[in-house]
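Residue numbers (the working numbering), protein chains in the order written: chain A, 11 to 215; chain B, 12 to 155.
Where hints are given, some of them may not hold.
To be verified - Computed spacing ranges between beta-carbons, pair by pair:
#	chain 1	residue 1	chain 2	residue 2	range
1	A	V48	B	R116	32 to 38 Å
2	A	G52	B	G122	38 to 44 Å
3	B	G75	A	I113	29 to 35 Å
4	B	F112	A	A42	20 to 26 Å
5	B	S93	A	S139	16 to 22 Å
6	B	R57	A	M109	39 to 45 Å
7	A	A42	B	S93	19 to 25 Å
8	A	P39	B	H118	36 to 42 Å
9	B	G75	A	Q215	40 to 46 Å
10	B	R83	A	F85	51 to 57 Å
11	B	R83	A	A51	28 to 34 Å
12	A	A42	B	A68	36 to 42 Å
13	B	A68	A	S137	23 to 29 Å
14	A	W61	B	L62	30 to 36 Å
What the hints assert, rightly or not - A short list of chain A residues far from chain B (calculated; beta carbon distances all over 10 Å):
#	residue
15	L53
16	I54
17	F102
18	G153
19	E164
20	I203
21	V212
What the hints assert, rightly or not - To be clear about the criterion: a stretch of chain A counts as covered by chain B if any three or more of its residues have a C-beta under 8 Å from a C-beta of chain B, and this derived list gives those stretches:
#	segment
22	63-69
23	79-86
24	157-163
Treat the hints as calculated values from the structure; they're not laboratory data. For glycine and all other residues, C-beta sits at the position ideal for the given N, C-alpha and C.
Below are the chains, spelled out letter by letter.
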Amino acid sequence: MDVRSAMATPAPAMAPGDAPPRLSIQIVPRAALPVIAVIVAGLIITIAGNWLWALVFYHVVGGGLWTGIDLFVGFVIGPILGRLSIPARAEFSARFMPMMVVIMPTVVLMTLASGFQLALGLGNLQSLSPNHGWLVASFVVVGVMATVALGILEPANIAVLFEMKKPHPNGELIARLMRRFVYAAGITGAMQIATLVIMTRVATQ
Amino acid sequence: MTEVGRQGMTPGTTRGAYPPAAELATVSLALVVVGGVFMAAYFPTRPPLTLPIALVAVSAALLGSAILLLVRWRGFAWAAFSLVVRWALVAYVISAGMIEFSFVRNHATGGPLVVVSLMLVLFAVDVPVIIAVTVARYQSSHPV
Numbered sequence: 011m012d013v014r015s016a017m018a019t020p021a022p023a024m025a026p027g028d029a030p031p032r033l034s035i036q037i038v039p040r041a042a043l044p045v046i047a048v049i050v051a052g053l054i055i056t057i058a059g060n061w062l063w064a065l066v067f068y069h070v071v072g073g074g075l076w077t078g079i080d081l082f083v084g085f086v087i088g089p090i091l092g093r094l095s096i097p098a099r100a101e102f103s104a105r106f107m108p109m110m111v112v113i114m115p116t117v118v119l120m121t122l123a124s125g126f127q128l129a130l131g132l133g134n135l136q137s138l139s140p141n142h143g144w145l146v147a148s149f150v151v152v153g154v155m156a157t158v159a160l161g162i163l164e165p166a167n168i169a170v171l172f173e174m175k176k177p178h179p180n181g182e183l184i185a186r187l188m189r190r191f192v193y194a195a196g197i198t199g200a201m202q203i204a205t206l207v208i209m210t211r212v213a214t215q
Numbered sequence: 012m013t014e015v016g017r018q019g020m021t022p023g024t025t026r027g028a029y030p031p032a033a034e035l036a037t038v039s040l041a042l043v044v045v046g047g048v049f050m051a052a053y054f055p056t057r058p059p060l061t062l063p064i065a066l067v068a069v070s071a072a073l074l075g076s077a078i079l080l081l082v083r084w085r086g087f088a089w090a091a092f093s094l095v096v097r098w099a100l101v102a103y104v105i106s107a108g109m110i111e112f113s114f115v116r117n118h119a120t121g122g123p124l125v126v127v128s129l130m131l132v133l134f135a136v137d138v139p140v141i142i143a144v145t146v147a148r149y150q151s152s153h154p155v
């Protein structure tokens, strides 16, 4: 199945012999890299300084975005994407997936690194803390999500982008990898509900 | 990492039997994650190290087997693999470095720090290998 035409911007008329224009796909959007560098540098400084407000800021902002994006992709974007035609799906993915390549690892890093530091600072990791069990449960949930995201979701995402850059992308393969991406996003979305329950418990004990 | 896709395979072609290198690396990653959760659950007190060391050993063996399978895979798209793996390594070495920094910053020392460091090395290699194998599997073996 050739999705080259799918990636083309709709053109009313083309001269005979003109190849349909293909979307230019940048697998890692370079413009985002300086922003990520600033975020990571800020995170390192925050952990080194052990600043409570900045740790809470990184953890809440990162965690909110991570949970929100996972739920939105798993339960809103995913089902919509599944009902689109393959050309529409391919065009959406060509613009959407590169964003996910940079956003998700960054928000995950923000959340986990600041969260671990915060848990230590607040004493929630001490075995006598009433929150200890909840935090261990959150580690397990994050562990499952990390394995699904890093072992299934992200490789599928990047493989789709490489396939789309080919002169003759294999639409069937893209559809298969996208299905894998959407199912994995659904699993991590469901796990995020557990994270919401755990984190609201931790914050109120 | 933008040039590989232009060296496409013929439409509809994928390699036939392919060794389960990505799957082995994923199990290796899962074991490291289990070990990491176990260690983090005890932190800041010293955890028992028998289970984490066993997990590191099995994980390393699985990753080694995955790499061995790749080396023996005829027609594997090494050019695509190395292009992806080196960029992914940069990203995941930074991630692993952040986690290591967090443990060192909080005074992890001795055996637990060594085990955590080994786990992070495996993590930083596992993820790029999984991504690169998944990409290279569908690429031409011609040089990029």
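Non-conforming hints, listed in increasing numerical order: 1, 2, 5, 10, 11, 15, 16, 18, 19, 22, 23
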